[in-house]
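Following the hints, complete the assembly by docking chains B, C and D onto the known chain A.
Chains as they are written, first to last, in the working numbering: chain A, 1413 to 1773; chain B, 1413 to 1773; chain C, 1413 to 1773; chain D, 1413 to 1773.
Simulated from the structure, these hints should not be mistaken for laboratory data.
It is possible that part of the hints are untrue.
Simulated pairs of lysine-lysine, BS3-like, Cα-Cα distance not exceeding 30 Å [claimed, not checked]:
no., chain 1, residue 1, chain 2, residue 2
1, A, Lys1610, B, Lys1668
2, B, Lys1509, B, Lys1735
3, D, Lys1509, C, Lys1668
All of these numbers come straight from a predicted model, not from anything done at the bench.
Protein chains: 4
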Amino acid sequence: MNTFGNLFRLTSFGESHGEAIGGVIDGCPAGIALDMTFIQRELDRRKPGQSDITTSRKEADKVAFLSGIFEGKTTGAPIGFTVHNTNQHSSDYDNLKEVYRPSHADYTYQTKYGIRDHRGGGRSSARETVARVVAGAVAKLALKKLKIEIRAYTSQIGDIQLNTPYFELDLDQIESTPVRCPDRIVAEKMMQRIREVKAENDTIGGIISCICKGAPTGLGEPVFGKLHAALGNAMLSINAVKGFEYGLGFQSVLYKGSEINDSLYRNHEGKIASRTNYSGGIQGGISNGEDIYFRVAFKPVATVMKEQQTVNKQGLETVLFAKGRHDACVVPRAVPIVEAMAAMTMLDFCLYHKATQNFTA
Amino acid sequence: MNTFGNLFRLTSFGESHGEAIGGVIDGCPAGIALDMTFIQRELDRRKPGQSDITTSRKEADKVAFLSGIFEGKTTGAPIGFTVHNTNQHSSDYDNLKEVYRPSHADYTYQTKYGIRDHRGGGRSSARETVARVVAGAVAKLALKKLKIEIRAYTSQIGDIQLNTPYFELDLDQIESTPVRCPDRIVAEKMMQRIREVKAENDTIGGIISCICKGAPTGLGEPVFGKLHAALGNAMLSINAVKGFEYGLGFQSVLYKGSEINDSLYRNHEGKIASRTNYSGGIQGGISNGEDIYFRVAFKPVATVMKEQQTVNKQGLETVLFAKGRHDACVVPRAVPIVEAMAAMTMLDFCLYHKATQNFTA
Amino acid sequence: MNTFGNLFRLTSFGESHGEAIGGVIDGCPAGIALDMTFIQRELDRRKPGQSDITTSRKEADKVAFLSGIFEGKTTGAPIGFTVHNTNQHSSDYDNLKEVYRPSHADYTYQTKYGIRDHRGGGRSSARETVARVVAGAVAKLALKKLKIEIRAYTSQIGDIQLNTPYFELDLDQIESTPVRCPDRIVAEKMMQRIREVKAENDTIGGIISCICKGAPTGLGEPVFGKLHAALGNAMLSINAVKGFEYGLGFQSVLYKGSEINDSLYRNHEGKIASRTNYSGGIQGGISNGEDIYFRVAFKPVATVMKEQQTVNKQGLETVLFAKGRHDACVVPRAVPIVEAMAAMTMLDFCLYHKATQNFTA
Amino acid sequence: MNTFGNLFRLTSFGESHGEAIGGVIDGCPAGIALDMTFIQRELDRRKPGQSDITTSRKEADKVAFLSGIFEGKTTGAPIGFTVHNTNQHSSDYDNLKEVYRPSHADYTYQTKYGIRDHRGGGRSSARETVARVVAGAVAKLALKKLKIEIRAYTSQIGDIQLNTPYFELDLDQIESTPVRCPDRIVAEKMMQRIREVKAENDTIGGIISCICKGAPTGLGEPVFGKLHAALGNAMLSINAVKGFEYGLGFQSVLYKGSEINDSLYRNHEGKIASRTNYSGGIQGGISNGEDIYFRVAFKPVATVMKEQQTVNKQGLETVLFAKGRHDACVVPRAVPIVEAMAAMTMLDFCLYHKATQNFTA
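Okay, chain A solo, but in the shape it has when bound:
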C-alpha cells in the first residue's frame, strides 16, 4: 500500500525523523535524460524554509540516485533514490510519546499498529512527499517528450479567492510569489492572511488548481479506470486534502444540462474540439484533447501553537502544547506535490494508452 501507479510506479519509504525518505521509481521508460538541476529545483519548490510564510525549519533535501541511470539516462531498470533527513529535532516531539494530537493520525496509528514512531508524525508526516516530488520530476521529464505539461497554483487561502479562470492567467507568474498564486494582487492578500493566522499561532488551508495541457485524446478507461478517478485518488493521497473536483465540479449542480454541455465543432486545424470546456477535458472518463483541470481542497494543518484538549495513551484527558517548527499554511509548498502526483498519473495513463492503441503497429 506504499506503491502508487500501475505501469509507472513509485514505491516510497521513510519517516519524518528516520534516517531517510526514499523510493523506487519503476516502469520509467528507458532513454529519458534526467536533468538533475530540474529535479533539484522541484525539490526546492517543496522544501521548508523558502520564505517567511513557510516554516523556518531547514532541510537540505538533496536527492541521491542509486540505480537505474547510466550515462545520465534512464535504463528501464528501477530507479532507487534517497533523501537523507538532516535537520531533525526529535526532542521537539518527546512530549508526544504519550499524547495523541487532535486531528492527527496518532491515535489511529497506535490502534492500528500497536506501535508508533511518535517523532514528527512518523510515516504520516508530509515529509514523505519528498519522494513524490522526486518521482514526479522524473515523470515530468518523460511527459515533456510527449509535450504534456502540468501546472498548479494556489487559487484560495482561507477566504481569499482567485476568481479569474485559469486560461486568463499568466501561469508563468506562479513562481513569482512565495504563495504560488499567479495574480500578484491576490497573492499579496493571501500572504497577508497567512501572516495574520501565523501571528495568532493558528493555521489555515486553501485550494490548489491544476491544469494539464497537451494530453492526447483517449487517455483513461470507461469504467473503473476513469482518468479523473485516478487523478482524484492521487490528490486525495496527499496529506490534508479533503476534497477534489474537476471541470465545473461541485458548481455543476447549479446548472442545467443544456447550459453546460460542451458543443463540438471543427476547429481551424480541422480537428474536432469543444467550444466550451465545462467537462474539464475528460468525457466518460477519457481525455478529449482539451485542457484537463481540477481543484484540490486542503484543510488547515492540525498542528496549532495553542493549548488543546486531548487524551494520552492511557486514555486520560490532558492538555497539549505543541512544539516544533510548523507551517501556518502548507498550501504553497503543496503546489509542487499536486503537480508531482498529477504528472505520475498522467504518465501512467500515457503508458497504458500505448499498450492498447494501434495494436498491430
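Only chains B, C and D this time, still in chain A's reference frame:
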C-alpha cells in the same frame, strides 16, 4: 481496467444495449448467506421507471447467479452473475451512429478504440452500474456481519439544498420519497424542481451524502492506501460524478485549524473518541471509529431533449435531436450506486485490515 | 485470485456442476475480428467424449458471448461469456458429500472455506478450464495479427516418450491422432498405454511440450517479470500439473556451461541469432527472437475406479468407491489448455512491451 | 515489474556495478522484532568469497535499514534498505561494452531498452538477489512467529545426486559443508566436481531442494492463486533457474494414479493427515498441512573462462575472452536465495489467508 477492489473485487461487463450486464465478484468471504430478496430490492432501488421523476423506461433487472453459491451461502469461489437487458430500443439510437453527442463519451470512444457500440452509450452507459449494485448488495450482507452500515441520501438537487447535518436526520425516511431525501419538505421541493426541469426538456444534477457507521478504528493505510482516497476513487468512477469531499471537505478552507480540530476525550464507555467529527471519521487516511461521511457531486446528465450543435464522424457540423427515454435527474437512482461503491470499498478495507492485524493470532 | 494476467486478463467463474462456467476477458485490444468457428473448434479440442481415450461424458460446450463485441469485432470493452453446464450427473457425487477423496482438494477446501460444493470437485474441477480455452482462443486471434503462433503436443504418456526434438517434427500432424502426438507411431503406443491403464480402472499422466514461434526480441522484464516465470506460473495453474521446465530444463544440470552456451552469429538476413537454442528462446528473462519452448508435467488424475482408503468429514476412516465418468488420462485434452494459457501470457507480455517500447513514438 | 508479492511485497532496485542494491519491503506486519544478527547471517550465506568453491570476489554486503523500524521492531511502515556495492572492478567489463556474451541478457537488453549498463550484467546480474535475501530474512522472522520453517539444500551438482529423501536427512547439517548438501559424503563429491569444472575454466549447474514445514491447511487459492504456482513463479524469477517441480514432480508421469494417491487417515493427534505425501503438501493448489517440498534446477552459469564465438553491437562476429571473478557453480550460494523467495511467498499467502478466514472473528 474493469475490475474494482483489491481483496474484494468486482469485474463487470456489459453494454446498455448488449445481451446482458454482469460481473464476477471475487474474494467474497465464504459462508455469507445471500438474501436474494434484499439483493433484488437493492436492484429495484436503482432501476428505471420507479416514479414520475425517473425515466419511464422499464427494465426487469432480475439478477441470475451462476456460481459461487451452495445451499444459499457463498463458498469462497467467484460469484458470476448476469442481468439480461430486456427493454432495449436500439433504434432510438440509430441517429447516433454517425453523430457525437456533446459532453458524452462518443467522440472520445471512437478516437480511443476506432470502433464504437453507439447504442445507448455502449460501455459508457450508466446501465453498467447494475453490476455494481449487485456486488454492493453482496458486500452489504457481509458488512452486516461486521455491524457496518452504509446509508446515502440526496442532499441537493440543483439549488435546493438540505442543510440539516446528517446526524439530525431520520435516515429511515430516505426511502419514503422517490427523490431519496429524508426531509419530506425539502424532498418535495427537490421533486418539484426535477419536474420543472423535465418539462423544459432539460436535466439537472445534485449532491448525494453518504454515511458509514460502525467501521472499526484502523481501516486504511497511511500513504497510498488512504481510506478516503479509495472512497473518492470509488465515487469518481460513477457516471456523471464531478467532485468528492469528505468530512468538512471544501468548507474546511474557510476555518482555522483551532476551529475545526477534533478534540479527543474518553467517552462514557471508556473509549477514546472525538468531541466533534469535522475530520469525517478518518485521520491520516485511517478510520478513527467515528462516523465516516462524504459528499458526491453529480452534474446534470448530458442528454437533453433539445437541439444541440455538434459534429458527426466526418467532422461536419450538424444539429442533434436526442431521442429515447432519459432521466431528467439521475441523482435519486444514484443513491444505491453510491452505497454500493462505498460498501465494496469498506469491505475491501476490512479484509485488508484482517490480513495485517494481530499477526500471530 | 480468479484473475489471470496484467494487461490482458481473464477472470473466470463457475463450478463443474453449477449453472455455468464463464468469465470476463478484459484488456483485449479493440478491432480484433472474433472468428467464432475457430473459438468453438478450440473448445471442441478440449471437450470430453472426443474419442475412446477420453471420458465418455458429453458436454455441448457452446460459448455465448454477452458483451464487448460489435459487428463481429472486439470493441475494447470487457468480453463477458458463459458456457452452460448441460450434462451434469450430480447424483454421481452424492457419496462424496461426506467423504474426502485422496489427492483431491476436498479436505483442503472444507478446511479452508468451511463449506464445499462436493459435486464433481466444484471450483477445483478442471471443468473451469473451459473458460481458459475461450480466453486463450481470443488471445490466439490477437497474436495471429502479430504473427505469433503457439503449438503444443503430447510428448510423453507414462513411460512412452517422444524423443524427437520439436523442430524435427511435423507439428501439423498434432491433431491427426486423438492423443495429440505428432509422431504417429509413438502416438499409437501412447494410446495403447492409456487403454491398458483404463482397463485396469487406473489413471496415467504425461508431459506436454509447447512451442511459441514468432515472438519478438524483448518480451519480459529482468527481475520479477521474467517471461519464463510467467509461463511457469501459467502452466502450474493448470489442474494436475506438477512441474515446468523451459529450454534444456532439468537436463541442463548435466552439462557444462561451455557445452550449452548459445553462440551468437549474424544470420543470412543480417539479424543477430543464436546457433543453438538450449536457452529456450529466453535469456535473462527476456525473449531473444528464437523459438520459445517448454515442457509441462501432468500427474495421473487422482480419481481411480478402485477402492481407496480415506476418511470422512467426521475424521472416521472409510473406503471410497469412485463413481462418475472420468478420464484415464487428461493429457490429450490438456493440450489446448496449455496453448490457451501460453497464448494469454504471450499476449499480456506483448501489450506490456508496447507500453514501454519507443516511448516517444 | 520489480515488485514481488501481493500483501507482503519486495520492490528491489540496483545493478551489480551501481551505487547500491536495495529495496522496499512493504506490508510487513507490525511488531516483528528484527534480529539484525540473523539478517546479516543470511546475507553472509549468500555472499561471494565464502569458500574455495565460490568466486574469490569479496563483498562486505552490509545492509542498512532506513525506515519502518522503531525501537528494534517493525512498525507496519515500509522498510527501505540499501546494501552498498564496495568491491566493483568495473574495468573487468570494459570489453563487454561492445560485445554480447552468449546465453547472457546482453543482446536482449540492448534490443529491449536501447541502452545497457554493461558493467557486470547491470540489472540482470544475480547481485540483485542481495535484496531478496534481506527481505526473505525479514519474512523468515515473521514466519517464525507462525512456526513455519523453510530449509533448502543442494541435492544435485552436475551428475552427482543426493538420492536420500529429505525426511531421512539431518537438515541441521546443511550448513556444515560449503556446498550446502546435508550428506557429508555426497557433499564431498559435489565439491570435488565443482573444483574439477573450475580447473577446466568451465561452469556447472545443479538442483536445490526446498522444504517448508509447519504451514497450516488452507494456504492458496483454487484457480489462479495456487500455492505451488506462486512458489514456481518465485523460483523461476531466480537467475539461471530452468525448471521447477513440486511433490513427485516430473517423476509422477511414471506412476499410475493408484500408486501415488495419498491416502487420508486420522493420525494419533486425531487430525486428518495423509499416509504418504507424493502430492508435496499441496492439493488443488491449497496446502494440506503436510510438508511442502519442491526442487529447482539451475543451469551452469553462462560465464565460462574460455574463448567463445559471438557478435558485437555492430553484428560483427568476434571472439570473447571473459574476465572477472566468477563462480564455477552458483548453486551453493543460491540455497539462501531459494529459501528467501520461498519465505516471502509463504508469508504473503499466510497474510492473504488471514484476510479471508473466520470472517466475523
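Checked hints:
1. For a cut-off of 30 Å, the pair hint linking Lys1610(A) to Lys1668(B) stands: about 10 Å separates their Cα positions.
2. The hinted pair formed by Lys1509(B) and Lys1735(B) meets the criterion: a straight-line CA distance of about 13 Å does not exceed 30 Å.
3. Note on Lys1509(D) and Lys1668(C): the hinted pairing holds, with a Cα-Cα distance of about 26 Å set against a maximum of 30 Å.
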